[in-house]
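Chemist: This is what each chain is made of:
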Amino acid sequence: MTLTDTGDETTEINMNRVCDLLDKTLINQLHLMEEKMRCELNIESSINSGSIHLAKSRYIMGQNAVSIARLPVESSPEFSASTVCEITEVDNMKQFRVVENDAENTVNPLHWFGVLVPQNLHKAKSIFQNTINFVAECANIQMRLLENMANMDMLNEYKKTLKS
Amino acid sequence: MALQAAVKGKLISVIGDEDTCVGFLLGGIGEINKNRHPNFMVVDKNTPVSEIEECFKRFVKRDDIDIILINQNIAEMVRHVIDSHTSPVPAVLEIPSKDHPYDASKDSILRRAKGMFNPEDLSMFGAENYNA
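Taken in sequence, the protein lines are chains A and B.
Heads up, the numbering used here is the position in the first sequence plus 1, with the first residue counted as 1.
Heads up, the numbering used here is the position in the second sequence plus 893, with the first residue counted as 1.
No lab work stands behind these hints, which were simulated from the structure alone.
Keep in mind that this is a model prediction, so the values were computed, not measured.
We put the beta carbon where it would ideally sit given N, CA and C, even for glycine.
Just so you know, not all the hints are guaranteed correct.
Said to hold, decoys possible - No more than 16 Å apart at the CA atoms, straight line, and that leaves these computed lysine to aspartate or glutamate pairs for EDC-like:
{"hint": "1", "chain 1": "B", "residue 1": "K999", "chain 2": "A", "residue 2": "D21"}
{"hint": "2", "chain 1": "B", "residue 1": "K927", "chain 2": "A", "residue 2": "E79"}
{"hint": "3", "chain 1": "B", "residue 1": "K1007", "chain 2": "A", "residue 2": "E148"}
{"hint": "4", "chain 1": "B", "residue 1": "K927", "chain 2": "A", "residue 2": "E75"}
Unchecked claim - If the Cβ cut is set under 8 Å, some of the chain B residues that face chain A in the computed set are:
{"hint": "5", "residue": "C914"}
{"hint": "6", "residue": "G920"}
{"hint": "7", "residue": "E969"}
{"hint": "8", "residue": "L986"}
{"hint": "9", "residue": "K991"}
To be verified - Negatives, chain B to chain A, calculated, CB over 10 Å:
{"hint": "10", "residue": "T913"}
{"hint": "11", "residue": "G921"}
{"hint": "12", "residue": "R929"}
{"hint": "13", "residue": "V942"}
{"hint": "14", "residue": "E946"}
{"hint": "15", "residue": "E947"}
{"hint": "16", "residue": "K950"}
{"hint": "17", "residue": "V953"}
{"hint": "18", "residue": "N966"}
{"hint": "19", "residue": "M970"}
{"hint": "20", "residue": "R972"}
{"hint": "21", "residue": "V982"}
{"hint": "22", "residue": "Y995"}
{"hint": "23", "residue": "D1000"}
{"hint": "24", "residue": "R1005"}
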């Protein structure tokens, strides 16, 4: 066996490994795409049911009682979000996690719409809080998709160098 | 301690129609910071596209925002700006709205992911056999 033969064999082994990895990454990509679509549909159904409760509250309280007119504007006093997200590292992978903000100046958003608000507005609030969890899940899948795409690019580049 | 907690968590911002913004703000993601900058923008039919673009760019630049939610129909209006954002953080998530259901073929990330499946890559799965 000559030195050139050994080199060719190593290249072939490397090529097989790269192709195997590319196959796995590609399959993973398809799974992630499917997962993202499923997650978006969860968000959609959640937003739809939340919107129905907002509409019911609007019917009870009046057209302008549940509208952007009640949302804080730039001249409103400063306040912090009660729900925030943080990036944690699980198994060497960055992940978004929804956490409650324990800052002192958070507000109860229900108070923007009045003191005695209908039950539907409470329901809408809990539905949208749940939607935020779906959002974080979807953002995590998106992050993995981007990572996967970067890996595929890298493997394709390596494959090209092996070919040449 | 409070300062440490405030630094730890980052914001979720939203650009959307009235119901999306009211809903997510009810969920508790809304904030007006000490510079009086809100992390949300309500878009209606009279909002100019340039204003949406500016707001999106401002949210991307802010280092206290980790996730930007944008209604898919609004994302369509500023598609070129969204496509130019490629970094994973802040994550830009296109969400459906009450009036516009989710369309996977319009989603920026899914289109990019789909673009990876070029005919050359798929040929190893025998894709040429399924052309009919």
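Chemist: Against chain A, is B:E969 within 8 Å by beta-carbon distance?
Modeler: 15 Å, violated
Chemist: Hey, B:K927 versus A:E79, does the alpha-carbon distance stay inside 16 Å?
Modeler: 6 Å, holds
Chemist: A cut-off of 10 Å on Cβ-Cβ distance, and B:V942 was said to be off the interface with chain A. Does that hold?
Modeler: 19 Å, holds
Chemist: Just double-check B:V953 for me: nearest Cβ-Cβ distance to chain A has to come out over 10 Å.
Modeler: 15 Å, holds
Chemist: Quick check on B:L986 please, does its C-beta sit within 8 Å of some C-beta on chain A?
Modeler: 6 Å, holds
Chemist: Using the nearest Cβ pair, does B:K991 come within less than 8 Å of chain A?
Modeler: 4 Å, holds
Chemist: Closest CB-CB distance from B:K950 to chain A, is it above 10 Å?
Modeler: 18 Å, holds
Chemist: Once the closest CB in chain A is found, is it more than 10 Å from B:Y995?
Modeler: 5 Å, violated
Chemist: Report holds or violated for the interface hint on B:C914, using the least CB-CB distance to chain A and a cut-off of 8 Å.
Modeler: Given a least distance of 7 Å, the restraint on B:C914 holds.
Chemist: Should the label of B:R929 as a non-interface residue stand, given a Cβ cut-off of 10 Å to chain A?
Modeler: 5 Å, violated
Chemist: Please verify that the nearest CB of chain A lies beyond 10 Å from B:G921's CB.
Modeler: 4 Å, violated
Chemist: May I ask you to check that B:R972 keeps its beta-carbon over 10 Å from the closest beta-carbon of chain A?
Modeler: Per Cβ check, B:R972 is outside 10 Å of chain A; nearest 17 Å; holds.
Hint check: violations occur at hints 1, 7, 10, 11, 12, 21, 22, 23, 24; the rest are consistent with the structure.
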